[in-house]
Amino acid sequence: MQQDILINWSPQETRVAIIENGAVQELHLERPLERGLVGNVYLGKVVRVLPGMQSAFIDIGLERAAFLHVADVWQRQPDGEPPSLARKGEPLVPIEKQVFEGQSLIVQVIKDPMGTKGARLSTQISIAGRLLVFLPQDDHVGVSQKIPAAERDALRSRLQALVGTKETGGGGGFILRTNGEDASDTELAEDIAYLRKTWARTKEASLKLPPKSLLLQDLDLLQRVLRDLVGEHTHTIRLDSMEQFQRLRAFGQEFMPAATAKLQHYKGERPIFDLYSIDEEIARALGRRVDLKSGGYLIIDQTEALTTVDVNTGGFVGARNFDDTIFKTNLEAAGAIARQLRLRNLGGIIIVDFIDMVREDHQHAVLAEFKKQLGRDRVKTTAGGFSQLGLVEMTRKRTRDSLAHMLCEPCPSCQGRGAIKTARSVAYDILREARQFHPREFRVVAAPQVVELLLDEESQHLAGLSDFIGKPISLQAENAIGQEQYDIVLL
Numbered sequence: 001m002q003q004d005i006l007i008n009w010s011p012q013e014t015r016v017a018i019i020e021n022g023a024v025q026e027l028h029l030e031r032p033l034e035r036g037l038v039g040n041v042y043l044g045k046v047v048r049v050l051p052g053m054q055s056a057f058i059d060i061g062l063e064r065a066a067f068l069h070v071a072d073v074w075q076r077q078p079d080g081e082p083p084s085l086a087r088k089g090e091p092l093v094p095i096e097k098q099v100f101e102g103q104s105l106i107v108q109v110i111k112d113p114m115g116t117k118g119a120r121l122s123t124q125i126s127i128a129g130r131l132l133v134f135l136p137q138d139d140h141v142g143v144s145q146k147i148p149a150a151e152r153d154a155l156r157s158r159l160q161a162l163v164g165t166k167e168t169g170g171g172g173g174f175i176l177r178t179n180g181e182d183a184s185d186t187e188l189a190e191d192i193a194y195l196r197k198t199w200a201r202t203k204e205a206s207l208k209l210p211p212k213s214l215l216l217q218d219l220d221l222l223q224r225v226l227r228d229l230v231g232e233h234t235h236t237i238r239l240d241s242m243e244q245f246q247r248l249r250a251f252g253q254e255f256m257p258a259a260t261a262k263l264q265h266y267k268g269e270r271p272i273f274d275l276y277s278i279d280e281e282i283a284r285a286l287g288r289r290v291d292l293k294s295g296g297y298l299i300i301d302q303t304e305a306l307t308t309v310d311v312n313t314g315g316f317v318g319a320r321n322f323d324d325t326i327f328k329t330n331l332e333a334a335g336a337i338a339r340q341l342r343l344r345n346l347g348g349i350i351i352v353d354f355i356d357m358v359r360e361d362h363q364h365a366v367l368a369e370f371k372k373q374l375g376r377d378r379v380k381t382t383a384g385g386f387s388q389l390g391l392v393e394m395t396r397k398r399t400r401d402s403l404a405h406m407l408c409e410p411c412p413s414c415q416g417r418g419a420i421k422t423a424r425s426v427a428y429d430i431l432r433e434a435r436q437f438h439p440r441e442f443r444v445v446a447a448p449q450v451v452e453l454l455l456d457e458e459s460q461h462l463a464g465l466s467d468f469i470g471k472p473i474s475l476q477a478e479n480a481i482g483q484e485q486y487d488i489v490l491l
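Position 127 of the sequence shown, counted from 1, bears residue number 127 in UniProt numbering, the numbering being contiguous throughout.
Please note that the accuracy of each hint is not assured.
Claimed, not checked - List of simulated lysine-lysine pairs, DSBU-like, C-alpha gap at most 30 Å:
id	residue 1	residue 2
1	K111	K146
2	K208	K111
3	K111	K97
4	K421	K471
These aren't lab readings, by the way, just hints derived from the structure by calculation.
Computed from a predicted structure; not experimentally measured.
When you get a sec, could you build the whole thing from the sequences and use the hints?
Have a look at this one:
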C-alpha cells in the first residue's frame, strides 16, 4: 500500500496529512504557541534548597524557577551500583545532601508550568525514540508492561543482544515501547543509534553552554514525521516550505538518511492541501455524521468518558434482501470507522453499535474486517467481540488531543451540550423569575427571538405578570446575547 505524506507549514501552524490510496488517513497539527516544555532538557542552576519541603528551586531560564522534589532526584546507590530513583518504600537521601545552591544540574521537565506554579523537573533523563525510550543514566533493558507477558522475555533478549552490538555503540538503558513490539532488528538498531547520538550531543552541549541553557528540545512535528511516521510503505514526503525543507533535510541526513531520501520540496501553484481536498476532509471530520458510499452513514459522538459510533443503513437498498443490506452496510462501516478513529485521533473507550445482524457468519465477517482495518493503526488498539447487546467495545491509546479538541472549543451558547433551550422555555423562565421581585419597574433584556415571542404568542402571559406585580414591564432585544441568556433589570 503506497503512502504519501503532505506537509503544510506556516509560522503559526504545521499540518501533516498521511494519504493512502488517495484518501486521508491521519492528520497531525502543531502550533508553536501551544507546544509544552515536557521532555525538554536544560542545564539548570540551583537557586534555593528547602530541606523542610525536601525540594529545590532550579533556574532553567523561564519566567519562574522550576521545582525539583527529592523523589525526582536520580540518586547514586551504594556499593558501586548504578544510580536510580528511590523505589517505593526505600529511604530517600535528603535533598540537602544531594544538591547545593549554585550547583549546575542537567534536568528534564516532567510537568509544564501552570498558573503561578513553575515547571516540575527530574534529574532522571529519558529520551523517547520511535520504538524505544533511552535511559542514559541506567543500564536496564526492559519491555513495556502493555506488551503481553508471554512475549516480553523474547523481546527483552532480542533488545539486549542489539544494545550490546558494536553497530549501536554502548552504554545506557532501553525500554521497548508498545509500538516497537513488531519492529525488525534493523529498525531497533537504527533507533538505538539515533538515541545514543542525541544524548552524546546533549552531554557535549552541557559542557559548552552556560547554566540556564536549553540542551535538548523535544522534536517538533516536522522532525517527528521523519522519526515516527515514515515507514517502508512511504513513497514521498512533500513539504511546501523551502526553508523548512532544508532544515528537515539537514536533520534527516544526520539522523535518518533513509527517510530523508523520500523528502521533496513542493513547488506547485495550488496549496498543497488542495491536492487531496484535505481542508474539506478536516471540516467533515469535525461533524457528527459520516456518509458512506453505499448510502448508509455513521453518527460519531465524543464525550468526556468515551466515544460512541452508531451505524445506520440510511438510504441503502442495493442488496437482494434486508439481511444482505445490513451486512454490506456494516462491512463498509468497519473500514470507515477505523479510518475515522485515525483521522479524528479518538482515544480511550470506544463503543461501536453496528446494525443488528441475525446470521453469525455475518457477525464474524464484520468483526474480522473491523479488526483487520484496526490493524493498520500505528496507535495500539484492542477490540473485543459482539456483546449481548450487539455492541463492540474497544480501546485506542490516547497519544494526543483529538482533532476536535485541538481545533474547537465548547459553544458559548450551549456550553458543549449540543442543544439550547427553546425561546418559549426561556420566556417561561423569565415570567417565573420576575414574580419574585417588587421594584418600581421591570426591564427584561433578552435575545430578539425571546422578546418577539413575549410580545406575540406570550403577550397574554406577559400582561398577566404585569397585573400580578402591579408594575409596568419593558422589553429590550439584544442581538449580542445568546438565546438562553437574559437579564431582568430592576428600576
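Worksheet item: Does K208 pair with K111 here, judged by a C-alpha cut-off of 30 Å?
Response: holds (26 Å)
Worksheet item: Taking 30 Å as the top limit, are the C-alpha atoms of K421 and K471 close enough?
Response: Distance ~28 Å between K421 and K471 Cα, so the pair holds.
Discussion item. What's the verdict on K111 and K97, does the C-alpha distance respect the 30 Å limit or exceed it?
Written reply: Within the cut-off at roughly 24 Å; holds.
Item to complete: For the pair supplied as a hint, K111 and K146, confirm whether the alpha-carbon distance does not exceed 30 Å.
Response: holds (23 Å)
The earlier numbered hints are all upheld by this structure, with none contradicted.
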